[in-house]
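A.B. asks: Same order as they appear, the protein sequences are chains A and B.
The opening position of the first sequence corresponds to residue 1 in this note's numbering, with each subsequent residue numbered one higher.
The opening position of the second sequence corresponds to residue 1 in this note's numbering, with each subsequent residue numbered one higher.
FYI, nobody ran anything at the bench for these hints, they're computed from the structure.
Model, not experiment: these values are computed from the prediction.
Some clues are possibly wrong.
As the list claims (entries may be wrong) - Some, not all, of what chain A presents toward chain B, calculated at C-beta under 10 Å:
no.: 1; residue: D7
no.: 2; residue: P8
no.: 3; residue: I13
no.: 4; residue: Q33
no.: 5; residue: Q37
no.: 6; residue: I47
no.: 7; residue: S68
no.: 8; residue: K70
no.: 9; residue: V101
Said to hold, decoys possible - As a list, the in silico SDA-like pairs of lysine to any residue whose alpha-carbon atoms are at most 25 Å apart:
no.: 10; chain 1: B; residue 1: K9; chain 2: A; residue 2: N38
no.: 11; chain 1: A; residue 1: K99; chain 2: B; residue 2: S67
no.: 12; chain 1: A; residue 1: K99; chain 2: A; residue 2: A78
no.: 13; chain 1: A; residue 1: K99; chain 2: B; residue 2: E52
no.: 14; chain 1: A; residue 1: K56; chain 2: B; residue 2: G77
no.: 15; chain 1: B; residue 1: K70; chain 2: B; residue 2: T20
no.: 16; chain 1: A; residue 1: K26; chain 2: B; residue 2: E59
no.: 17; chain 1: A; residue 1: K99; chain 2: B; residue 2: T15
no.: 18; chain 1: A; residue 1: K70; chain 2: B; residue 2: L45
no.: 19; chain 1: B; residue 1: K57; chain 2: B; residue 2: E30
no.: 20; chain 1: A; residue 1: K26; chain 2: B; residue 2: V60
no.: 21; chain 1: A; residue 1: K26; chain 2: B; residue 2: E52
no.: 22; chain 1: B; residue 1: K9; chain 2: A; residue 2: K26
no.: 23; chain 1: A; residue 1: K26; chain 2: B; residue 2: M41
no.: 24; chain 1: A; residue 1: K99; chain 2: B; residue 2: L45
no.: 25; chain 1: B; residue 1: K71; chain 2: A; residue 2: H45
no.: 26; chain 1: A; residue 1: K99; chain 2: B; residue 2: V12
no.: 27; chain 1: A; residue 1: K26; chain 2: B; residue 2: P39
no.: 28; chain 1: B; residue 1: K9; chain 2: A; residue 2: Q104
no.: 29; chain 1: B; residue 1: K71; chain 2: B; residue 2: S110
no.: 30; chain 1: A; residue 1: K70; chain 2: B; residue 2: W96
To be verified - Listing some non-contacts, in silico: residues in chain B with all C-beta distances to chain A over 12 Å:
no.: 31; residue: D26
no.: 32; residue: L45
no.: 33; residue: S49
no.: 34; residue: D62
no.: 35; residue: G63
no.: 36; residue: Y64
no.: 37; residue: E79
no.: 38; residue: A82
no.: 39; residue: N94
no.: 40; residue: Q99
Glycine residues also receive a C-beta, built at the ideal position from the N, C-alpha and C atoms.
Chain by chain, the residues run as shown.
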Amino acid sequence: SQQGEEDPQALSIQEGENATMNCSYKTSINNLQWYRQNSGRGLVHLILIRSNEREKHSGRLRVTLDTSKKSSSLLITASRAADTASYFCATDAGQGAQKLVFGQGTRLTINP
Amino acid sequence: NAGVTQTPKFRVLKTGQSMTLLCAQDMNHEYMYWYRQDPGMGLRLIHYSVGEGTTAKGEVPDGYNVSRLKKQNFLLGLESAAPSQTSVYFCASNSWIGQPQHFGDGTRLSIL
Numbered sequence: 001s002q003q004g005e006e007d008p009q010a011l012s013i014q015e016g017e018n019a020t021m022n023c024s025y026k027t028s029i030n031n032l033q034w035y036r037q038n039s040g041r042g043l044v045h046l047i048l049i050r051s052n053e054r055e056k057h058s059g060r061l062r063v064t065l066d067t068s069k070k071s072s073s074l075l076i077t078a079s080r081a082a083d084t085a086s087y088f089c090a091t092d093a094g095q096g097a098q099k100l101v102f103g104q105g106t107r108l109t110i111n112p
Numbered sequence: 001n002a003g004v005t006q007t008p009k010f011r012v013l014k015t016g017q018s019m020t021l022l023c024a025q026d027m028n029h030e031y032m033y034w035y036r037q038d039p040g041m042g043l044r045l046i047h048y049s050v051g052e053g054t055t056a057k058g059e060v061p062d063g064y065n066v067s068r069l070k071k072q073n074f075l076l077g078l079e080s081a082a083p084s085q086t087s088v089y090f091c092a093s094n095s096w097i098g099q100p101q102h103f104g105d106g107t108r109l110s111i112l
């Protein structure tokens, strides 16, 4: 079963708008990661947020984590055509975990 | 700096044939992973390794075998390919579970 589930499954916006994607998970975690996948390519790591952090920024990316609600959100501000990709959240399974579990992803399309 | 390299990039097999997918990383990472990605299913972990000579089962290990004889290489074997194994296979590596994973660009495998 999937630890992380993204919402929405697909999102289409105009260039310049902000895009928000959400991730929910089921068990306690040490950290949560977001990845991007361009069509036909492997996943690329975007940002990692630890369980004791509430918000993290990287360029136009802002990630929040609410461990009480077991949820995270990824905000991309001032979107560009190059942001068109699938975005995945991934979580470990807490203490002693040796692997990540990925969600099903959000397909983001930026329209020019 | 190649990162994670997967070979081959594409392959078509007939049912019952066997093959080995190779993953090589040049980052001296301890952890290596094999995933499969199917439409609408996200990434599912097949097998992983936490160091040279070690392997462990992931979420969907049936029908696959792996070996990690050298630290830099992680091999995924299909002994008797089945149409249900048609998928895109990704290899990833990292230095330990709390660090981002680095992905190859995938092997697209079709089994007829």
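A.B. asks: Work down the list of hints and note, for each, if the structure agrees.
C.D. replies: So, going through the hints one by one against the coordinates:
| no. | hint | in the structure |
| --- | --- | --- |
| 1 | D7 | 13 Å, violated |
| 2 | P8 | 14 Å, violated |
| 3 | I13 | 22 Å, violated |
| 4 | Q33 | 6 Å, holds |
| 5 | Q37 | 8 Å, holds |
| 6 | I47 | 9 Å, holds |
| 7 | S68 | 22 Å, violated |
| 8 | K70 | 18 Å, violated |
| 9 | V101 | 7 Å, holds |
| 10 | B:K9 x A:N38 | 16 Å, holds |
| 11 | A:K99 x B:S67 | 17 Å, holds |
| 12 | A:K99 x A:A78 | 33 Å, violated |
| 13 | A:K99 x B:E52 | 16 Å, holds |
| 14 | A:K56 x B:G77 | 39 Å, violated |
| 15 | B:K70 x B:T20 | 15 Å, holds |
| 16 | A:K26 x B:E59 | 16 Å, holds |
| 17 | A:K99 x B:T15 | 31 Å, violated |
| 18 | A:K70 x B:L45 | 22 Å, holds |
| 19 | B:K57 x B:E30 | 16 Å, holds |
| 20 | A:K26 x B:V60 | 20 Å, holds |
| 21 | A:K26 x B:E52 | 31 Å, violated |
| 22 | B:K9 x A:K26 | 35 Å, violated |
| 23 | A:K26 x B:M41 | 17 Å, holds |
| 24 | A:K99 x B:L45 | 9 Å, holds |
| 25 | B:K71 x A:H45 | 22 Å, holds |
| 26 | A:K99 x B:V12 | 30 Å, violated |
| 27 | A:K26 x B:P39 | 23 Å, holds |
| 28 | B:K9 x A:Q104 | 23 Å, holds |
| 29 | B:K71 x B:S110 | 28 Å, violated |
| 30 | A:K70 x B:W96 | 23 Å, holds |
| 31 | D26 | 15 Å, holds |
| 32 | L45 | 6 Å, violated |
| 33 | S49 | 10 Å, violated |
| 34 | D62 | 16 Å, holds |
| 35 | G63 | 19 Å, holds |
| 36 | Y64 | 15 Å, holds |
| 37 | E79 | 23 Å, holds |
| 38 | A82 | 23 Å, holds |
| 39 | N94 | 9 Å, violated |
| 40 | Q99 | 8 Å, violated |
When held up to the earlier numbered hints, the structure conflicts with 1, 2, 3, 7, 8, 12, 14, 17, 21, 22, 26, 29, 32, 33, 39 and 40 and fits the remainder.
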